[in-house]
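Fit chain G to the given chain Z structure using the hints.
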Amino acid sequence: MTLSEKYRDEIAAILARYPVKRSALIPLLYLAQREQGYITEEAMIEIAGILGLTPPQVYETVTFYTLFNRKPVGKFHIQICKSLMCALVGSDSVIEWINTKLGIGPGETTPDGLFTLSLVECLASCGTGPMMQINDDYYERLTEEKVDQILSDLRSTGSSQLKSGPFMWPEPTKT
Amino acid sequence: MKAEYEPVTKEATPSSPTPNGRTMPQHEVILLKNMMQPGYGGSLTEYERAGGYQAIRMTLGKMAPSDVIAAVRKSGLRGRGGAGFPTGVKWGFLPKDYQGPRYLCCNADESEPGTFKDRQLMERDPHQVLEGIILACYAIGAESAYIYIRGELVLAAAILERAIGEARAAGYIGKNILGTGVNVDVWVHRGAGAYICGEETALLESLEGKRGLPRVKPPFPATHGLYGKPTVVNNVETLANLPHILTRGPEWFASIGSPPKSTGTRIFCVSGHVKRPGNYELPMGVTARELIYEHAGGMRSDKPLKAFIPGGASAPFLTPAHLDVKLDFESVAAAGSMLGSGGVTVIEEGTNMVWAALRLMEFFYHESCGKCSPCREGSSWLVQIMRRIVAKRGRMEDLETLSDLCKNIAGRTVCAFGDAEVAPIQGTLKYWRDEYVALIREAESANLIMPKPIGAQQHSSR
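Going down the list, the sequences are from chains Z and G. With this note's numbering, the residue at position 82 of the first sequence is 82, and numbering never jumps. Heads up: take any position in the second sequence, counting from 1, add 1000, and you land on this note's numbering.
Isolated chain Z (complex conformation) (with noise of 0.2 Å):
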C-alpha cells in the first residue's frame, strides 16, 4: 500500500500548514520513516509524486539531515551523545557499556536486529549528561545500572520507564 493511500488524511491535514507544498517534505519524509523504519527510495519517489518535485529534490534533502536513515537500523535505536559536555561527565563510558553488553559499535547492529548504536552530537541535555536517546525518547544521568535496567526493560517490555521528560532541571523543591 502506498503512503498516500494508508495516509490520505494525515498528508491532507500536513499539506494544509503550508502555503508552498515543499515545506511538507520533512513532515512527509517522518511519515514514510515511521512506516518502515528509514526512508526507502520507493517512499522519495512517491513524495516526490505528491509534491510535484523531482525525486533528485527529495533525495537531495534526505542527505542533509542526521535523522532520516537511509537503511534500515535496528528496532531501538540507540544515539549516544558524545559532544564536549557529555564527555565530561562520561559518555565514553556509555559507549563502552553499550559495546560490552550488546557487543556492537558505532554504526552497528545487534544480530538479532534489536539495537542500532550510533554516535551523535549535541542533544540539548547538557546538565543532565552523560545521556542517550533511543527512539524517541531521552535517557538522562545515566549510570551503568541504569543503562543495564533500560536495556532490559526494552528488551522485555518494548519501553522503559527510565525515559525523562517534561524536563526539568533541577526539579522544583518541596517546600
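Do not rely on the hints blindly, as some may be mistaken.
In silico DSS-like pairs for lysine-lysine, Cα to Cα no more than 27 Å straight-line [as the list claims (entries may be wrong)]:
{"#": "1", "chain 1": "G", "residue 1": "Lys1096", "chain 2": "Z", "residue 2": "Lys146"}
{"#": "2", "chain 1": "G", "residue 1": "Lys1229", "chain 2": "G", "residue 2": "Lys1407"}
{"#": "3", "chain 1": "Z", "residue 1": "Lys6", "chain 2": "G", "residue 2": "Lys1210"}
{"#": "4", "chain 1": "G", "residue 1": "Lys1392", "chain 2": "G", "residue 2": "Lys1407"}
{"#": "5", "chain 1": "G", "residue 1": "Lys1261", "chain 2": "G", "residue 2": "Lys1275"}
{"#": "6", "chain 1": "G", "residue 1": "Lys1175", "chain 2": "Z", "residue 2": "Lys21"}
{"#": "7", "chain 1": "G", "residue 1": "Lys1210", "chain 2": "Z", "residue 2": "Lys163"}
{"#": "8", "chain 1": "G", "residue 1": "Lys1210", "chain 2": "G", "residue 2": "Lys1229"}
{"#": "9", "chain 1": "G", "residue 1": "Lys1217", "chain 2": "Z", "residue 2": "Lys21"}
{"#": "10", "chain 1": "Z", "residue 1": "Lys163", "chain 2": "G", "residue 2": "Lys1033"}
{"#": "11", "chain 1": "G", "residue 1": "Lys1175", "chain 2": "G", "residue 2": "Lys1096"}
{"#": "12", "chain 1": "Z", "residue 1": "Lys21", "chain 2": "G", "residue 2": "Lys1371"}
{"#": "13", "chain 1": "G", "residue 1": "Lys1217", "chain 2": "G", "residue 2": "Lys1062"}
{"#": "14", "chain 1": "G", "residue 1": "Lys1392", "chain 2": "Z", "residue 2": "Lys71"}
{"#": "15", "chain 1": "Z", "residue 1": "Lys75", "chain 2": "Z", "residue 2": "Lys163"}
Derived from the structure by calculation, the hints contain no laboratory data.
Chain G alone, transformed into the frame defined by chain Z:
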C-alpha cells in the same frame, strides 16, 4: 543548600542570608516561576490560574501593534538565541506598507552544545511560549507562526501540539482571537537533525523543505524571509519574555539585570564539572563566580576550576581569572568571549584542553553545512590536525597551521558558523598553548614523527 534556588515571590525581596552565612541578593524568577511550583503541569488551566493569557487580553485590540513594538524596544529585550540582537529593533525592520502575508518563526532548534533551556520552557510551560508567539504575531502583523523545533525533541513537539490544541479550543489561537478580529495560527514543524538550522536563514530554507543552507544576507528575513515574505525569527526564551513585559511594563523589565544594554533575566544552563548542573534563571549581569559556586553548587570534586565556556560551544573558553566577569552581553564580549546562548560549561583542573577543543571541533566538523569552502574544508583540516596532536603525532608547525586556518575561516563565510568553529581552538591556543606544546614534545620524544634518513629503518638496531 537548595535554599538559594527557592522560587522567589513576585516582588523582588531584599538580601537575605544564605545557609553558609553569606549575604546574597535575592532575585526574581520570571520565566521559570510557574514550573518551579511543585506539581505545576503546564496545562492551560494551570497557566491561566497563574495569570497566563492576561497579556493577550490586555494587548490584542487594546494596544496598537506599533505600541507593542515600541514597548518591547523600550524594555531592552535582546535575542536569547545567541546573537543578542534587540528584539523590538528586529521587529521594526519589517516593511510598514507591505500588503500580503508575514510570518513569525519561533526558533526552537536548540542545538548549541551546552544549552538546554528552551527544551525546559517548552516541555514545562508551553503556554508561556505560545502566548509570546501570539503577542509577537500581533506586533508584526503575522497571521501564521511556525515553531521550528529540533527533530530530536519529540516529547516537546507533542507537548506543544497539545498546548496549541488547548489554546485553539479556548479561543487564544485561530480566527478572531477573543473577538478582537486578530487571527493567528500556530504550527509545530520538526527539523531533522542539523545544528545549522538554528541559523535563522538556514531555518527558513529548512522550513521550505530544502537543505538547511544559510542564505546570503542581505536581503534579511525582515524583507525576504519565509517564502520570500517579511519574516521574524525569534528564539523560544525571547518570546517567553513577552507576556511578562506586556503585563508588567517595559520599565519594570528594563530595571532588571545590567541596564541599559542587558536587561531582564537569563536562563543560564550550567553543565560540566559542577555539583548541581541545571537551568538557573538569574538577572543578567550575575558574575560567573556566583552562578557556578553559589547556584550550581561549586566544583564537583572540589578540584579547582580550570576553564569555563560562558555562552555555548561557539563562545571561546575563559579562565579562572574571568570568574568575576559579569554575565551580560557587554562584559562577556569585553572579556573576549560571548554570552551567546547562555550555556555555561565548567571544566575542572586535570582536563586536557586540547582534548576539550578537539571534542568541540569534532562537533563543528560534523555540523558544517558545506556551503562555504573555508568552513567546509577548514573544519576538516582543523579536526585532522587536532586529532593528530591529541594522538601524540603532532608537529610544532601544526600550531602555526592551526592559527593560520582559523584566521582564514573566521569572517569568510556566509553565516557566523565560521567564526564559531574556530573559537575553541583560538581560545585554547591563547590560554593553554603549553598543553599543545607538551603533546607535540611527547610526540617528538617518542620519535614517532622525526624525519629519518632513507634506509635508516633497516640499519637501526632496536
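Hint-by-hint comparison with the structure:
1. Lys1096/G x Lys146/Z: 56 Å, violated
2. Lys1229/G x Lys1407/G: Violated, at roughly 36 Å.
3. Lys6/Z x Lys1210/G: The given pair, whose Cα atoms are some 25 Å apart, holds under the 27 Å limit.
4. Lys1392/G x Lys1407/G: 24 Å, holds
5. Lys1261/G x Lys1275/G: 32 Å, violated
6. Lys1175/G x Lys21/Z: With a Cα-Cα distance of about 23 Å, the restraint between Lys1175/G and Lys21/Z holds, given a limit of 27 Å.
7. Lys1210/G x Lys163/Z: The hint is violated at about 32 Å.
8. Lys1210/G x Lys1229/G: Holds, because 17 Å separates the two Cα atoms, which is no more than 27 Å.
9. Lys1217/G x Lys21/Z: 25 Å, holds
10. Lys163/Z x Lys1033/G: Holds - the C-alpha atoms of Lys1033/G and Lys163/Z are around 25 Å apart, at most 27 Å.
11. Lys1175/G x Lys1096/G: Satisfied, since the Cα-Cα distance of roughly 23 Å is no more than 27 Å.
12. Lys21/Z x Lys1371/G: Within the cut-off at roughly 25 Å; holds.
13. Lys1217/G x Lys1062/G: 36 Å, violated
14. Lys1392/G x Lys71/Z: Violated, at roughly 36 Å.
15. Lys75/Z x Lys163/Z: 17 Å, holds
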